[in-house]
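**Q** Keeping their order, the protein sequence lines are chains U and Y. Be aware that the first sequence starts at 1, since it is given in my numbering, and climbs by one per residue. Be aware that the second sequence starts at 305, since it is given in my numbering, and climbs by one per residue.
Just so you know, the hints here were simulated from the structure itself, not pulled from any lab data. Check before you lean on any hint, since a few could be wrong.
[Unchecked claim] Label pairs and their in silico Cβ distance ranges:
{"id": "1", "chain 1": "Y", "residue 1": "GLU359", "chain 2": "U", "residue 2": "GLN79", "range": "44 to 52 Å"}
{"id": "2", "chain 1": "Y", "residue 1": "ILE330", "chain 2": "U", "residue 2": "ALA195", "range": "53 to 61 Å"}
{"id": "3", "chain 1": "Y", "residue 1": "MET324", "chain 2": "U", "residue 2": "ASP63", "range": "26 to 34 Å"}
{"id": "4", "chain 1": "Y", "residue 1": "MET324", "chain 2": "U", "residue 2": "PRO158", "range": "26 to 34 Å"}
{"id": "5", "chain 1": "U", "residue 1": "ASP140", "chain 2": "Y", "residue 2": "GLU359", "range": "18 to 26 Å"}
{"id": "6", "chain 1": "U", "residue 1": "PRO27", "chain 2": "Y", "residue 2": "TYR322", "range": "45 to 53 Å"}
{"id": "7", "chain 1": "U", "residue 1": "ASP140", "chain 2": "Y", "residue 2": "PHE567", "range": "26 to 34 Å"}
{"id": "8", "chain 1": "Y", "residue 1": "ALA545", "chain 2": "U", "residue 2": "ALA202", "range": "57 to 65 Å"}
{"id": "9", "chain 1": "U", "residue 1": "ALA66", "chain 2": "Y", "residue 2": "GLY542", "range": "24 to 32 Å"}
{"id": "10", "chain 1": "U", "residue 1": "PRO27", "chain 2": "Y", "residue 2": "SER446", "range": "18 to 26 Å"}
[As the list claims (entries may be wrong)] Chain U stretches covered by chain Y per the calculated footprint, using a threshold of three residues with CB under 8 Å from any CB of chain Y:
{"id": "11", "segment": "115-126"}
{"id": "12", "segment": "267-276"}
[To be verified] Short derived list, chain Y residues pointing at chain U, Cβ under 7 Å:
{"id": "13", "residue": "LEU333"}
{"id": "14", "residue": "MET399"}
{"id": "15", "residue": "ALA403"}
{"id": "16", "residue": "GLU428"}
{"id": "17", "residue": "VAL430"}
{"id": "18", "residue": "GLY442"}
{"id": "19", "residue": "LEU443"}
{"id": "20", "residue": "SER446"}
{"id": "21", "residue": "VAL482"}
{"id": "22", "residue": "ILE574"}
Keep in mind it's a predicted model, so treat the numbers as computed, not measured. For each residue, glycine too, the CB sits at the ideal point set by N, CA and C.
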Amino acid sequence: MKTRFFNTRLDNPPYIRPYQAYLFILPGLIIYAVFVLWPILNTARYSLYDWTGFSDPVYIGLDNYAELWNDEDFWLALQHNAFFVIFYSILPIMLGLFLTALMTRRPLRGMTLFRTGLFIPQVMSPVVVGIIWRWLFAYDGPINELLLALGLDGWVRPWLGDFTWARYAVGGVGVWVQYGLCMVLFIAGAQSINADLYDAAAVAGANAWQEFRHVTFPGLRQQILVAFVLTFIAALRVFDLVFVLTRGGGPGKETIVTSLLIYQEAFQYNRAGYGAAMALVLTVIIVSVSALVMRLQAREEETP
Amino acid sequence: MIRDRDYQRKQARTGLTYLMLIVFLIGALLPFAGIFLTAFKSSSELAQGPFALPETWHFDNFQKAWDGARFGTYFRSSVIVVVPVVIIATILSTMSGYAFGMIRFWGDNVLLLLIVLGLMVPSEAVIIPLWKLMGTLGLRNSYWALILPQVGLSFAFGTFWMRAHFKSMPTELVDAAVVDGCNVWNVLWRVLFPLSRPALLSLIVLLFMWTWNEFFLVLVMVTGDLRTLPVGLALLRGRYAADVPVMAAAATIVSLPVIVLYFIFQRHFIRGMVSGAIKE
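One chain only, chain Y, in its complex shape (with noise of 0.2 Å):
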């Protein structure tokens, strides 16, 4: 009797965490899939509610936002900043984050406050005199004014998160790998680098996701057709602006490579998101 209880309680409470969990997945994501379904609609369309499909699928949407609106300029920016900041970050970050992890030296602990500090500090502290180093530089108002800050910025939390992996590594393992007369360099890119790739993954997707939508920097240091897609979009006036169905194709562009990269790789983002930033 009591079992048959039990068992009843446990079904309907299994019953009832998956009801929870679907109206929440439901508030969770109609908001994207109403502004999807609304970058294939005619403007006339509008008027029959958020969720209804579509009459026909209008592409042409797509072709005013990436022509008329130049959201295939932007598109052209976030790609040649976004691209030479996650290689050159993630190449810096795995050498210090062996360093850090895996070789003593003096002076370590100093040096990795200092960049953990950089894991913490808010853009809003750096922007300013940013602003006007570039400016020095002669390089405001180029890509390299929001490359380097940004490979910068991920280097610290590059080297936090390469240097915990490197930690973890059984270090006996590394060095029985090691024949004679190798050097340092050749264990880290010939040993250790293709022993790391899912942790080298979780990084490079992070970077990404953090440099592609970046958002401040990028407001502040460049105009016109340097500027990223989330800039882009956050600018958008005139016409275009109007026209809400051109508007949501427009944040489809933006999302896209964003949630293409998430469905595929949804572990390394949620692992790097929710341990990464904090823990060990």
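With the rest of the complex left out, here is chain U (with noise of 0.2 Å):
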């Protein structure tokens, strides 16, 4: 695994001299260390500290992380985040699993508009989407005179602004935003699966469920365990579309979530030093949650 992941070349040709490589490399590296490694160990370290991002920095140990223990908005936040994974990363998957297993395996015709289609969400600025979706979900909006048209008159609601549905209109987003993503992952997948695999389940008389349980998703593990990590990422980070669908997380704390706490805790309540605490978590989180799930990426492909 090592030497795959890593440089194989062992010799390299008369034209190269090795220190060259450094020449290459250090331009970038150097934006790169001053803009983005030494910030990261920083947000380390003002994790530590008393300060307002004005004020001369205090050393306080861990009594940010004691705050932040007992900060019941932060733990509301984070419950949030992880009922977004459900809409941004489980339900994703399981809509995209649904709809592979339906299809033929058979190259469709017109299979690029569909995946050209199903992807411009993924591409769009959160903002736009979330825009467009606030206009959807207005009172007065497309949403609600649809249902009026339906005679469902009871379901008609500031969706947004509903202390209990808010949540779901966000996380309904969600899915809308991260289904084309799995599903052009697993039709990809599904057909470099090897055809013979069906037909064997074809003459064993496998039914449709016995083909996707024994065929379909076993060949599909490597594709939902990317699926799973590019989702879980974008569930964790949700911010420019919660700020714009809710206006920052209504109604009331309804829809706040981990990065629009970072936010406001670091540049509009001046608490920087408690905000990077919560950051370097939320960090940590994304960080080891991702590494595990490489890893378990890459232990499949060593056993196929």
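Could you use the hints to bring the two separately framed chains together as a complex?
**A** Here's what the structure looks like:
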């Protein structure tokens, strides 16, 4: 695994001197180190300080983390992030699997068109997505108009302002954004599953569910892991979409998420040290889960 | 008989597949269609339903968004930030991707791991010290505060992406193309660079999209006219915020450049986003 992941070339051709590699990397690395790496380290350092962002930082050890542990808003935000994992990750993956299972594995005409269309929510700015859905969900907006037209007057409500339904409305937008990505991944994966396996399943008299259970699903494990990492990170990082949809976590605190809290603490309430502690916790969660799943994936690759 | 039934089942399955795909395709596109149509309507036409075609196509909504709501200014900021980020990051990551992919040197693994870290960390992990750093450097509320960090973040992905590309190139081919006395700099830019167009194109469109859509960094670092389009749209307040067609026109302005690029280079977008982020 290591040898495959890292550089495998054993010797350099005569026109290369090894020191030249450093010269090629250095310009980018300097910018990366100053504006990415150094700030990461400083986030960890500032999380140990009482610091407004303007004052002189005062070292307070783990006090910020102690406060974090007892901060109801922080737990609430984390809970909402976990809730959004269902809508950003689990549901889109299930939907993608369901649709993939339905499909024939013969290459379909017009597949490029479908792929292109289904993937569009992924490339759009989340702000634009938020603006569009805020309009769709508005009290006098198209969704409520549709409900009225269907005679479901009882369901008409200000979706994003409703204490019970706002979370589900934001989550629903998450499903809409993410399922295309999952589907594109799974369709590509399913087409590379050995056709003999399907023939064997057919000969053995497998029904659709058994075929999915024993052929398609195991064949897509790699893609499911990739989809999970991508969508899980998106669910934990969600910021701009909520910022626009519910104007920053409303109604009340019903849709507050961790990144919004970090922004508020650090840049609105001038508690930069405390915000840094939150940011570090979020980062540790994201990095460890991604690393774990990527290791799983590497192991999968070794044992086909 | 069995053949026949089999065939029919296959036909039925194909039909069902198409039906599902069409339903979901409509689901993906309809919201966008609604907002784009709304951008051409007058306020009084809104009552006729979101997907009714406008009676006459009103371009003055775009005029109002561009001048009145300052989206022309935000557009200018977006271009000023995105162009240098994409150019600088592409050049720098081509160089380092080449070094990691084709040159053997001491410490390559450690350096690569440091750079891969940048692929995983969220912008929340850097934003607070970055804000402080930009203050110290006197760059807060300048385009540099947006360009430099995004070059750094793009460099992490770009290095990873170009390294995978250069590793997949057969070295024999490269060595054979090298004439005597050719130095490593010329090998990269004269020999390899022209051979790398597909990988470079993918990298460029992805970096363009990410930089164009960047929100958090812009929200924190700059105010006023320096804001780029997404932040301008999210923070739109006052008269125009209540004007749905102007809002819709503004959303169209924000998304149009990415959409146009996406329709031209969709293969590159999808390939990069599903394979580039995680897989080698």
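**Q** Run through the hints listed earlier and report the numbers of any the structure violates, in increasing order.
**A** 2, 3, 9, 18, 19, 20
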